[in-house]
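**Student:** Residue numbers (my numbering), protein chains in the order written: chain A, 44 to 217; chain B, 124 to 421.
Check each hint, because a few of them may be wrong.
Only pairs whose alpha carbons sit at most 16 Å apart, straight line, appear in this in silico EDC-like list of lysine to aspartate or glutamate [unchecked claim]:
| no. | chain 1 | residue 1 | chain 2 | residue 2 |
| --- | --- | --- | --- | --- |
| 1 | B | 341 | B | 400 |
| 2 | B | 333 | A | 171 |
| 3 | B | 333 | A | 178 |
| 4 | B | 354 | B | 344 |
| 5 | B | 253 | B | 379 |
| 6 | B | 341 | B | 379 |
Please keep in mind that the hints were generated in silico from the structure rather than gathered at the bench.
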Amino acid sequence: MKRFLFYTFAMLISFLLQASAVRLFDTDMSGVTPNFLLILIVAFAVMRGDRTGLLLGFFSGLLIDLVFGNFVGYHAAMLMFLGFFVGMLCMSLPKDSLLVYIPIVAVTDLVFEFLNYVFMFLLRARFDLGFYMREVIVPEVILTTVISLFIIPFYIFVDDNFSYDELRRAKKFV
Amino acid sequence: MSPVIKKSTGVRFSIPGKYLLFILSILSVVLILATSITDIGQSRVFTSVETALAPFERGLTMAGEWLMDRREIIGDIRSLQAENEELKRQIEALTTENIYLQQDEYELMNLRELYELDAQYQAFEKTGAKVIAKDAGNWYHSFLIDKGTDDGIEIDMNVIAGSGLVGRISATGTNWARVQAIISDEAAVSGKVLSASENLIVSGSLERYKDGKITWSKLVDPGDKVSVGDKIVTSDISDKYLPGILIGYISSIQQDPNNLTKSGEMVPAASFDHLSEVLVILTMKQELSADVSGELQR
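Okay, chain B solo, but in the shape it has when bound (with noise of 0.2 Å):
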């Protein structure tokens, strides 16, 4: 064999399996350690990957959309129909109600104005997303929506849907994020039951999560001023989310064996079911909470 055989077949220098193991065994060890202790895994290096295949996300989403679209539109025409009849219906009994409610209107600026967090919910801004790509797994239920750092979003910003809370997100990339969801096993809010003005911990559940519920838990109620059908909104001690968004209902109720506190179930607001677009919240509770204390000395 001659030195140009040799070339030209590609015999290299290779490291044996079990040491390749070994070496990154301790490679992932490392990682571990220095992205759960340290910020380097908001760095470039570890976010241009998902940066790099966004765009290809986004495309398959669009084409999913593309071809759902097209299954409703072959979808029966006929009761399109019927449903636009009772439909028509509908407004006329919607128009009678409208000018009721045009009149209740005004009472309800002037109160909006006395219960302040609402109308600063109302006026927050807020950016419009779409979800490219969920978990990889099953275990868990973060997202990724196809707005990042360039439209200006940062970690811990809120999340909504409808009319609920999504969750918040975990993490950004230039034209990325990642949204951690209220439902997922490890998310933990702090809420406040809106009628009793009690503070409890909402946490996702997987177990629960089968049923549309979640679980909340640590309620102190003495006086069971908390029923069924109550609603929870985030609550003004938390430090990651906005004051008074619409988390879920109450579904059931239970005394907690150490009779201090409740635990029970709740069904979220927001429809996780079908969630294709979200609107993500641009103010920050830790600005929100700089102005008022920053108006506050003066």
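Next up, chain A with everything else stripped away, as it sits in the complex (with noise of 0.2 Å):
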């Protein structure tokens, strides 16, 4: 419960940061926003696997479609499926260290603007990657990754407790 309650405050924070807080401090249309429920997905994703991971990606995609898309389900089922791999690949990998995370979300943004660019400009016949490589994808994923540096040790830290209250409540009754 206190998990649902948590991951439900912190993807919509991170909607808010991502769509309205970002023009704080620039209100240019065409800066570049980073990608805060990505790192959260992510993260959770690593930490508790790939149920988390693609039921965060699906919510997280959710609220985007419902509020910017044209059509609903689009970000939903990519961020979904995002979420799900990323759960299962890093399985095995130790959970306690920074550096663990930061090349899963940098290369995790960079497989999720690629696809967008496939889905929403390449099928459109834009067919200047390079520019959309210099100009979108890799500013994004640069600031998403400087900026997962800040979030996710609060996000390790967070699990840490829920993980150790669910631990000493199941021994309670042992």
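Make one complex out of these two single chains by using the hints.
**Tutor:** Spelled out as structure tokens, the structure:
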């Protein structure tokens, strides 16, 4: 229950950060927005596994779709699969070091934005991948990765607390 | 283990990841199909999420503006003094200019009556709105404003800022609306070159917008009447945009390989760099054309 509440709040706050708060510092429409939701999905997919990853991905994507999408379900499906695969592939990794998460965030964001390019731009005959890499994808990946350095330690801390609580509660009755 | 322990540790039935993935994939596909074929995306179930979030976005935006104001106040007072001197000088010059302009105004009024479109554009009822959020990704340029159906805003209403066209409303909730900007890569507007009265298509472009420009195409101009710097306004044949709203100025012209049409780049008239407030025109093209056809029938 606690976890559920935390995920919901983290998702809403990440979304608000992504949509509104970045405008605190930069009102430019063409500024780069870091992907806060993706950081959340990746962090908990690595820590909690594929099931959490895919659920967080699905609902975060649904949020983006409901507010900004011309149709609903595209981001939901995409982020769900990313969350699932990250959770599955990173099952056996050590989960206490920040260094583990950084490359995973970078690679996942790169894959996510590349797929976005393919589905939203390449299919509409925008072939200049070099331009989109240089101007859109790479700046976002760099910014997201740098920001994740500050957010992920917080997520690790919260997850540790939850796990400790759950363990303690489970032990009480044995 | 007694049943009591089982209950309190919360051992629940849970679906394994891969089945959940399968079920939610199907749900996504159903949602994509349903929302792209039908209007269900505009139903209350779908718009209520943003309706709940809009107050927070407005709060964040206001906090941002407050911060900006502080930053500006702290900003160099000396430069403001210099600017003040400069502005005083300008006021004198402008006052004299104003006298001449007032004389011209009478003439202008008459001309406006002749050129009805512009008069209509001036008379449209408008409402101001604040930009509260921008697209969560970096691919498209849609944004949210803090007024919705409660303030009389409907889908396809035109949005302007300063002197130029910004875009049109693409989704609405009770207290929010989404604006699809003309610079957005998927947007296209039917325009007209004011000097030559030739129609063309203005389309947003992520690539060109990095230089502050968007693209236009499909201009038929065999007489080479159109030149760089010409004004592009929304055309009469558009079914969503009101006629005669300034879109921008032509910055380059190119002959297409088919030798029939021309295309090129243009600079949008509205400033998208610091878009914080926009005006929504409450009159819609559909109503306007209904009025006109009604009058014609009479």
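**Student:** Against each hint, give a clear statement of whether it holds in the structure.
**Tutor:** Here's how the hints hold up against the structure:
Between the alpha carbons of residue 341(B) and residue 400(B) the distance comes to roughly 32 Å, so the proposed pair goes past 16 Å and is violated. The straight-line distance between the Cα atoms of residue 333(B) and residue 171(A) is roughly 14 Å, inside the 16 Å bound, and the hint therefore holds. Pair hint residue 333(B) plus residue 178(A) holds up; C-alpha atoms about 8 Å apart against a cutoff of 16 Å. Between the alpha carbons of residue 354(B) and residue 344(B) the distance comes to roughly 15 Å, so the proposed pair stays at or under 16 Å and holds.
Among the hinted pairs, residue 253(B) with residue 379(B) is inconsistent with the structure: their alpha-carbon atoms are about 40 Å apart, more than 16 Å. With a C-alpha separation of about 9 Å, the suggested pair residue 341(B) and residue 379(B) falls inside the 16 Å cut-off, and the hint holds.
Checked against the numbered hints listed earlier, the structure breaks hints 1, 5; every other hint is satisfied.
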